[in-house]
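S.K.: What follows is each chain in one-letter form.
There are 2 protein chains.
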Amino acid sequence: MDPSRDEPRTPTVEEAARRHREARAFDPTAPLEPAVLDRILSIATLAPSPFDLQPWRFVVVRDEAARRRLMGCARNDPRAGRAPVVVVVLAYHHPDRTHLEPMLAARIASGACTPAQAAEIRGRAASALRDVSDRASWATRSAMPAAALLILAAESLGVGSAALEWFDDESVRRELGVPDDHSVACLIALGRATEVGPPPGRFGLEEVCRAEHFGGPWGA
Amino acid sequence: MDPSRDEPRTPTVEEAARRHREARAFDPTAPLEPAVLDRILSIATLAPSPFDLQPWRFVVVRDEAARRRLMGCARNDPRAGRAPVVVVVLAYHHPDRTHLEPMLAARIASGACTPAQAAEIRGRAASALRDVSDRASWATRSAMPAAALLILAAESLGVGSAALEWFDDESVRRELGVPDDHSVACLIALGRATEVGPPPGRFGLEEVCRAEHFGGPWGA
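Residue numbers (our numbering), protein chains in the order written: chain A, 3 to 222; chain B, 3 to 222.
So that you can see chain A by itself, here it is in the shape it has in the complex (with noise of 0.2 Å):
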């Protein structure tokens, strides 16, 4: 039996990015279920990432006076000190020298690569990662898929999320123990939202979309 045949179906991709909306006030006395931010935080780690490293770290944080210090941490936003869960999704810079090998293993063990594909994909992460002079910013860039799909993934499951776009680094670094080769890439507050922020509204694809080049006009 299908157990996902007993559950309401949960939205498809485009329904849950049109019905996101930040979440500007959660009810503190709401908990988290622990299956539901179980199920969240892995979906978040199927983001693609290069080459399969996956250089994102979670620290999650639910105990009430580590949110509130966090809270310190993000201008006193009160959403950190109120939503029962806050994600800090930290970036590892070098996820090459320590994660590379056991994917491989993984890999090669579950049948998915020869040992010989395993040798080319660790050639190719090799000499690509060799040329990333800026590792915190590659980290950055390459652990934020993980971070848009937690918010997704809450929303299709029916959870608030707000991400907590105003926080001072080297405090959060300094709070949660961050060592100097992770970098803080953002703070996602999860919970239930008593209050949400307005349909965002987009700009559409005529401003966003360019032809071919930078200067060429969409749908022209």
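A few of these clues could be false.
Stated by the list, open to error - According to the in silico footprint, chain B covers these stretches of chain A (three or more CB under 8 Å from chain B):
| no. | segment |
| --- | --- |
| 1 | 24-34 |
| 2 | 46-57 |
As the list claims (entries may be wrong) - Over the 12 Å line for every Cβ pair with chain B, so calculated as not near, a few chain A residues:
| no. | residue |
| --- | --- |
| 3 | GLY83 |
| 4 | HIS96 |
| 5 | ARG99 |
| 6 | ARG124 |
| 7 | ARG175 |
In case anyone wonders, no lab produced these hints; they're calculated from the structure.
Where is the CB? At the ideal position from N, CA and C, for every residue including glycine.
Based on these hints, arrange chain B on the given structure of chain A.
M.R.: Only chain B this time, still in chain A's reference frame:
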């Protein structure tokens, strides 16, 4: 009548994320229909962004000669030449200068916020962005959710995709005439995949997550 009734149900967020495999090769004879491309791009514009500033631009490269030149900027990755479309996602450094007022005006016009609320958002955005020392990194980080959603939207509509990770930033900028106040966030090839990568294989939450603090084991 609901036109979506006529089309097969597209996958949920979790299904699309689980199904996604990077395209290893594309069918150069299979075009991407303009309506499908528009829908993928439109879904990508729904991504969340700081203060809804939407700091992304998509240069959509379809011309074959242009794609071949782009291939030369991406270590000769044949996918740039063979996929019918390559979307170059750019990150704009100063959306607060040019996007904020139109966005607020549209919200006021639609009744989504009052002039007083708009003034409050304007103030918070200005303060937050004043603190951003590295605009290129900020913009790239803020544009990546749109890139991630673009890939997920393509997956959900049955379109193959691959992020071309290894490109020369300067060559891409020169080729596409990208001005200095925009960064190249990523290159995404789109089309009919004739070969896809292996199941990606994910690190489990016990590896990825930390509880309360960087040093806190998950699930302990």
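S.K.: Each of the hints needs a verdict: does it hold here or not?
M.R.: Against the structure, the hints:
Here the segment 24-34 of chain A counts 1 residues with a CB under 8 Å from a CB of chain B, which misses the bar of 3, and the coverage is violated. Requiring three or more residues with a Cβ within less than 8 Å of a Cβ of chain B, the coverage given for the segment 46-57 of chain A holds, as 8 such residues are present. In this structure A:GLY83 is separated from chain B by more than 12 Å, as the shortest Cβ-Cβ distance comes to about 15 Å. The beta carbon of A:HIS96 sits about 15 Å from the closest Cβ of chain B, which is more than 12 Å, so the claim that it is off the interface holds.
With a minimum CB-CB distance of about 15 Å to chain B, A:ARG99 clears the 12 Å threshold, and the non-interface call stands. For A:ARG124, the non-interface assignment is confirmed: its Cβ lies about 14 Å from the closest Cβ of chain B, beyond the 12 Å cut-off. With 12 Å as the threshold on Cβ separation, the claim that A:ARG175 sits away from chain B is violated: the shortest Cβ distance comes to roughly 9 Å.
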